[in-house]
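Engineer: The primary structure of each chain is shown beneath.
There are 2 protein chains.
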Amino acid sequence: MPSSVLSHQIAAQSIGRIPPCTILSEARAAEIEGLAETILAEIGVNFTDNPAALARWQEAGAEVQGERVYIPRGLARRLCATAPASFVQQAVNPARSVTIGGGKPVIAPVYGPPFVLDPVEGRRAARFGDFQMLVRLAHASEAISHAGGTLCEPTDLPLETRHLDMLMAHALLSDKPFMGSTTDPERARDSVAFARTLFGLEGDDLPVLLSALINIGSPLSFDATMSECLEVYAGAGQACVISAYAIMGATAPVTVIGTLAQALAEVMAGTAYAQLVRPGAPVVFGLYANALDTKTGASIFSSPEMTQLTLAAGQLARRMGLPYRAGGCLTAAFEPNAHAGYEAANSLWASQLAGVDFMLHGAGWLESGLVASPEKFVLDTDQISATLRQYDGLQSASGDPLASLREVGPGGHFLGAEETLREGEARLWKSAVLEDRTHDAWEAANRPDTVWHARQCVNRLLDASQPPSLAPERRAALEAFVARRKKEIAGL
Amino acid sequence: MPSSVLSHQIAAQSIGRIPPCTILSEARAAEIEGLAETILAEIGVNFTDNPAALARWQEAGAEVQGERVYIPRGLARRLCATAPASFVQQAVNPARSVTIGGGKPVIAPVYGPPFVLDPVEGRRAARFGDFQMLVRLAHASEAISHAGGTLCEPTDLPLETRHLDMLMAHALLSDKPFMGSTTDPERARDSVAFARTLFGLEGDDLPVLLSALINIGSPLSFDATMSECLEVYAGAGQACVISAYAIMGATAPVTVIGTLAQALAEVMAGTAYAQLVRPGAPVVFGLYANALDTKTGASIFSSPEMTQLTLAAGQLARRMGLPYRAGGCLTAAFEPNAHAGYEAANSLWASQLAGVDFMLHGAGWLESGLVASPEKFVLDTDQISATLRQYDGLQSASGDPLASLREVGPGGHFLGAEETLREGEARLWKSAVLEDRTHDAWEAANRPDTVWHARQCVNRLLDASQPPSLAPERRAALEAFVARRKKEIAGL
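Chains as they are written, first to last, in the numbering used here: chain A, 1 to 492; chain B, 1001 to 1492.
The set of hints was computed from the structure by calculation and includes no laboratory data.
Some clues are possibly wrong.
What the hints assert, rightly or not - Derived lysine-lysine pairs resembling DSSO-like cross-links, with alpha carbons at most 30 Å apart:
| # | chain 1 | residue 1 | chain 2 | residue 2 |
| --- | --- | --- | --- | --- |
| 1 | A | Lys430 | B | Lys1295 |
| 2 | B | Lys1430 | A | Lys295 |
| 3 | A | Lys430 | A | Lys104 |
| 4 | B | Lys1104 | B | Lys1430 |
If we strip away everything but chain A, and leave its shape as in the complex, we get (with noise of 0.2 Å):
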């Protein structure tokens, strides 16, 4: 076992937290990072329609053939020694700016789904609305520490300005951190201007101000829109989570070992490019990851293969010393039901032993992540807020861990024990939105089920939320920009 891990296992202990898992022994990490070795070397990467890319890698080393650029053994590594092992991604509100790699895992809600789940009118295509609501709930819930991007597709805007209003969207109803457009390197570079704007600041030497996902096309492919949002991204010094996108059987081999030394040259390779556009650029270890059931092609999620890669990644980016993305509460399930609440808390449970330092899709998340949902956004922040009461440790007893014990005596009870009524209710953790009622009570209040409960926390939390406040010259700095996008853009 690497020192390193080793160490990190015993500072966990001494606070009695659960330590990173580590599942690869020394060889085996090693193997398949000689594997990823010779991915590169060998098999090679494509970076499609993006000839100054090309142009960057046979400047640093490569062998380009066309659009596959081969990476010499130990050049990609060499290069990824640039990107920091952590960095802090700002918020607008500075008591809610983050680090990313700091041991605490950044949790961001879903991203992406072009669907959510209505609790009235069903499944139905994502509007703007649904995205302003998933803001809100993401600006209100404790738990979640980053407010994501592409909460949901509001694919009732104009796909050309969507990107805008959802930029807006975010610095008004919330003032945690965001990601950026990645749908063009257009989109990517008004997400710069607009968070400058946010921000008011200018200059080359930006601090983190925005985070972004950056999907390779896996296997070993990044196409012009990835490759240069990439650039944009890693050129203003803003964070790239590079994403390995695994789907076992389909855009991986169906072998864990086999998927984790693509994912580990994917990565890699995206890493350094980034590293070239810009040494220092801050950049995430990312993983994305299920299995494609190869009979049906359903998507299957938290099953051992999954868990095996989540939990192997995160030791193959502690060992690049990046911060990693991973996991987030998955699930195939079409509502959330019981095979939500197994699958969400698998893939949350691997997260966490992983070491995740970003979690994308942390809450929210169904269908296998076509549809989002806001019940199951409240069902996810409340397990995930049992999770994070693990980085606190083990909690101490206020004075004799025995006294309440010598209070009560063998075949006594607690319940009336002086710690108990001074203590108890902090304590313990306790769900905010399971049903906690007797079974006669729940069957008189006509057995209401978890998403009913779920609906009340959202209305509860959406009610209770204060909307950020924003500077008016800052809000009107943005809606000029954004107005005049939206003119230029029209005019093309």
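Model the placement of chain B on the given structure of chain A, informed by the hints.
Structural biologist: Below, chain B alone, put in the same frame as chain A:
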């Protein structure tokens, strides 16, 4: 970190398996062990209505005052040393004998619910027909390695002879190992005599034919029923699962540290007592735990405190060299809904990470243990089947791990790759019960929910299940034994 724990972790890593999680540092574990010794020496343990037990303790060197036993520091631990680190519990089908403490968890179903959730009648008192059906499910489920004991209380049978009917059902409907009665020492003796008859064994040196759940009257009390049942089983060399019954805030302190110290003291007292009865008697270090919402009285499962308890007690059990019982698929939910899914998965993860050796309540538990559910049973076993794959470790690729990637190349896909076609289906775990169709196909099928799928799975399992074969003379001997005992009991 103790070197034994470390070597365990490295061994697990070398095959790519999730190692047991250690959250207590050496210093913290030693502190808790010290507190447990203090409890035994200064607060003491009650053995009520059992003068023979008090006499045994006095003879062993403890100080007895009334029904309270004060165990001098070091005595309990010395006595515990004769309990084995692992043992084999025989099944009537030798291929189904299990090693408890052998590194892979032995999984048993829910134990004790007085109610069942009937798909037609709803929640109602459990009947013998339910018990038989649950035993058949346990027999048929691959993930279940131990048929358990009182899978539900057959409340339609007379209490005095119910245990005989349950034993008979275990013998006729399953060939997996099972548990004896602990509701009365006479019934414990019946259980041992029944097992002798089933296995056709006499004499004093029985192999382990039965395990028995000895619930401690926490805090720190063994009533006559439990201490005398323990005497029967330990005296016959049968396995006692000696379980602290830790409801934080009710039967245990509200602090994790206090609860751990109390539970350790309790299990040490019970284990030491079993060794006083018969040195070498097999014992399992048991923990049942939930927290009490000290405001509403509701049970809280799978909270961070429960996870910490489960993990830390596993470490304490390993340090004592005893097999460990904990967890299961626990939940307070009334139905197999999202609430149940999250909580069951959480407590399954905690159990697995704790290095559990004997997992009671592995399948079918609802409503804090008040209700057994066949549908929840198969949902849980489905999840357990995924968990158990962990114990196979990381599968190697057959041949070159990069073969399919070389075949497919950057930008390709693996759907038609030779490795995918050859191995995809066999390699990737797949749920046997959760929905796996597209949303359209699901809608067309009238949107069946998880419970509907589970019910089909129950029916498939029961239809396909082959009853075990029992030699006719054994069956006749069992029937004669039961008939004789029923007559004797009726005559009392």
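Engineer: Each hint: holds or not?
Structural biologist: These are the hints, each one checked on the structure:
Taking the CA atoms of Lys430/A and Lys1295/B, the gap is about 11 Å. The hint holds against a cut of 30 Å. Of the supplied pair hints, the one linking Lys1430/B and Lys295/A holds, its CA atoms being roughly 11 Å apart against a limit of 30 Å. Our distance criterion of 30 Å between C-alpha atoms is met by Lys430/A and Lys104/A, whose separation comes to about 21 Å. Between Lys1104/B and Lys1430/B, the direct Cα distance comes to roughly 21 Å. Compliance with the 30 Å bound is thereby established for this hinted pair.
No hint from the list above goes unmet by this structure.
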